[in-house]
Amino acid sequence: AQSVAQPEDQVNVAEGNPLTVKCTYSVSGNPYLFWYVQYPNRGLQFLLKYITGDNLVKGSYGFEAEFNKSQTSFHLKKPSALVSDSALYFCAVRDTNAGKSTFGDGTTLTVKP
Amino acid sequence: EAGVAQSPRYKIIEKRQSVAFWCNPISGHATLYWYQQILGQGPKLLIQFQNNGVVDDSQLPKDRFSAERLKGVDSTLKIQPAKLEDSAVYLCASSLEGASGTQYFGPGTRLLVL
Numbered sequence: 001a002q003s004v005a006q007p008e009d010q011v012n013v014a015e016g017n018p019l020t021v022k023c024t025y026s027v028s029g030n031p032y033l034f035w036y037v038q039y040p041n042r043g044l045q046f047l048l049k050y051i052t053g054d055n056l057v058k059g060s061y062g063f064e065a066e067f068n069k070s071q072t073s074f075h076l077k078k079p080s081a082l083v084s085d086s087a088l089y090f091c092a093v094r095d096t097n098a099g100k101s102t103f104g105d106g107t108t109l110t111v112k113p
Numbered sequence: 001e002a003g004v005a006q007s008p009r010y011k012i013i014e015k016r017q018s019v020a021f022w023c024n025p026i027s028g029h030a031t032l033y034w035y036q037q038i039l040g041q042g043p044k045l046l047i048q049f050q051n052n053g054v055v056d057d058s059q060l061p062k063d064r065f066s067a068e069r070l071k072g073v074d075s076t077l078k079i080q081p082a083k084l085e086d087s088a089v090y091l092c093a094s095s096l097e098g099a100s101g102t103q104y105f106g107p108g109t110r111l112l113v114l
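Chains B and S are the protein sequences, given in the same order.
Under the working numbering, the first sequence has 14 at position 14, and the numbering climbs by one with no breaks.
Under the working numbering, the second sequence has 37 at position 37, and the numbering climbs by one with no breaks.
It is worth saying that the hints were derived from the structure and are not from the lab.
Bear in mind that the values here come from a model prediction, so they are computed numbers and not experimental data.
Treat the hints with care, as some may be off.
[Stated by the list, open to error] Once the Cα atoms are required to be at most 27 Å apart in a straight line, the calculated DSS-like pairs of lysine-lysine come out as:
hint, chain 1, residue 1, chain 2, residue 2
1, S, 83, B, 69
2, B, 100, S, 83
3, B, 77, B, 100
4, S, 83, B, 77
5, S, 44, B, 100
Chain S on its own, in the form it takes in the complex (with noise of 0.2 Å):
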């Protein structure tokens, strides 16, 4: 079974640039994440997505951050404009329906914004 894919995997940019991450989750998983994991702490939930539907998205910060699931598939994470503070990894997760279900993390993208 193929897991979670993210691309790119590294990323350096500039402040005030634009950036964004790509994720295609485990076939058949209606529920996918974005976290932010910054060095030292750990995953902090962006948004999560049932289906192509945003279930909380309390914690992301709407004035630069975006993120769409067309389709109920894969999704984009967007950032624009990028501050210092946003260099981090970003994590993509999937997991069956549920609160009950394992979540499983894709590789990761490492963002170092200058």
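Pulled out of the complex, with its shape left as it was, chain B reads as follows (with noise of 0.2 Å):
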């Protein structure tokens, strides 16, 4: 069975700096990886994907991932912070043979000024 795992609950940092929100999973296939984010009474919106080639993958609002199929990770990072960034952050996994997606139970994120 596939799984995602977002070992970091909370992640905290201050406005410009860099942030890294952590993701691993687990899929018997080949993955389909995204990141959503998710603000207060409001659904979730996409951020980025990783589909196939580059391993470095470009999204919304700055933000950026990095697949690594050896480690089977999917970090969302940013290079400098802002406020706004607060939110709460799913990675999920499908598997390419069409399978159903999975998410983790999301980290939130806190940018203090």
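The two chains are supplied separately, each in an independent frame; assemble them into the complex guided by the hints.
Here it is as structure tokens:
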């Protein structure tokens, strides 16, 4: 069975500092990997995805993520955090054989001024 | 482009009552998903439709939950009878066909079962 782990419930960073939100996954075949963000009282919004090709994926709002097949990881990064980045972030994996999506339990990112 | 629409936004019912949620996906999106998101957890897939056919319903509690997508467009998720543990946010999402398709989520329906 496929699974996603987000080992940190909470990540705190100061504005202007780099941020990393960690994600590791387990899937039987090749993965499609996604990051979504959820702001209070709003639905999930797509940030970026890895399908194939370059391991470094760039997405919305200056976020990027690096696919590491050997470590089965897909960590979300941003070089300089903004207070407005504070939100709940979800990593998701999907088997390329059109299987169901599995989400992690989320990481709350807090960026302090 | 209009997003995924869901209604109602909030619902409070007593246990053993029934409730229904409605979802209208983005126009042209063949795949529609219903997720249950319990507080503090990630979304859990309940059912996935491809047009009007069911692709995956392995995590749908079929003794009390049902869903349909007549005509391959909008969809209804029903719970009958509701239990306390059904209190959650029910999210609908849609995507273009294919496993690599990005899912676009609606605002969700927050259900409280008393």
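Need the status of pair residue 83 of chain S, residue 69 of chain B: alpha-carbon distance at most 27 Å? This hinted pair is violated, its Cα atoms lying about 41 Å apart.
Given the hint that residue 77 of chain B pairs with residue 100 of chain B, does the C-alpha gap stay at or below 27 Å? holds (25 Å)
For a C-alpha distance cap of 27 Å, please report whether residue 100 of chain B and residue 83 of chain S respect it. The given pair, whose Cα atoms are some 25 Å apart, holds under the 27 Å limit.
Given pair status - residue 77 of chain B, residue 83 of chain S, alpha carbons within 27 Å: violated (40 Å)
Agreement of residue 44 of chain S and residue 100 of chain B with the hint, judged by alpha carbon distance not exceeding 27 Å: holds (10 Å)
Violation of the numbered hints given earlier is confined to hints 1, 4; the remaining hints are satisfied by the structure.
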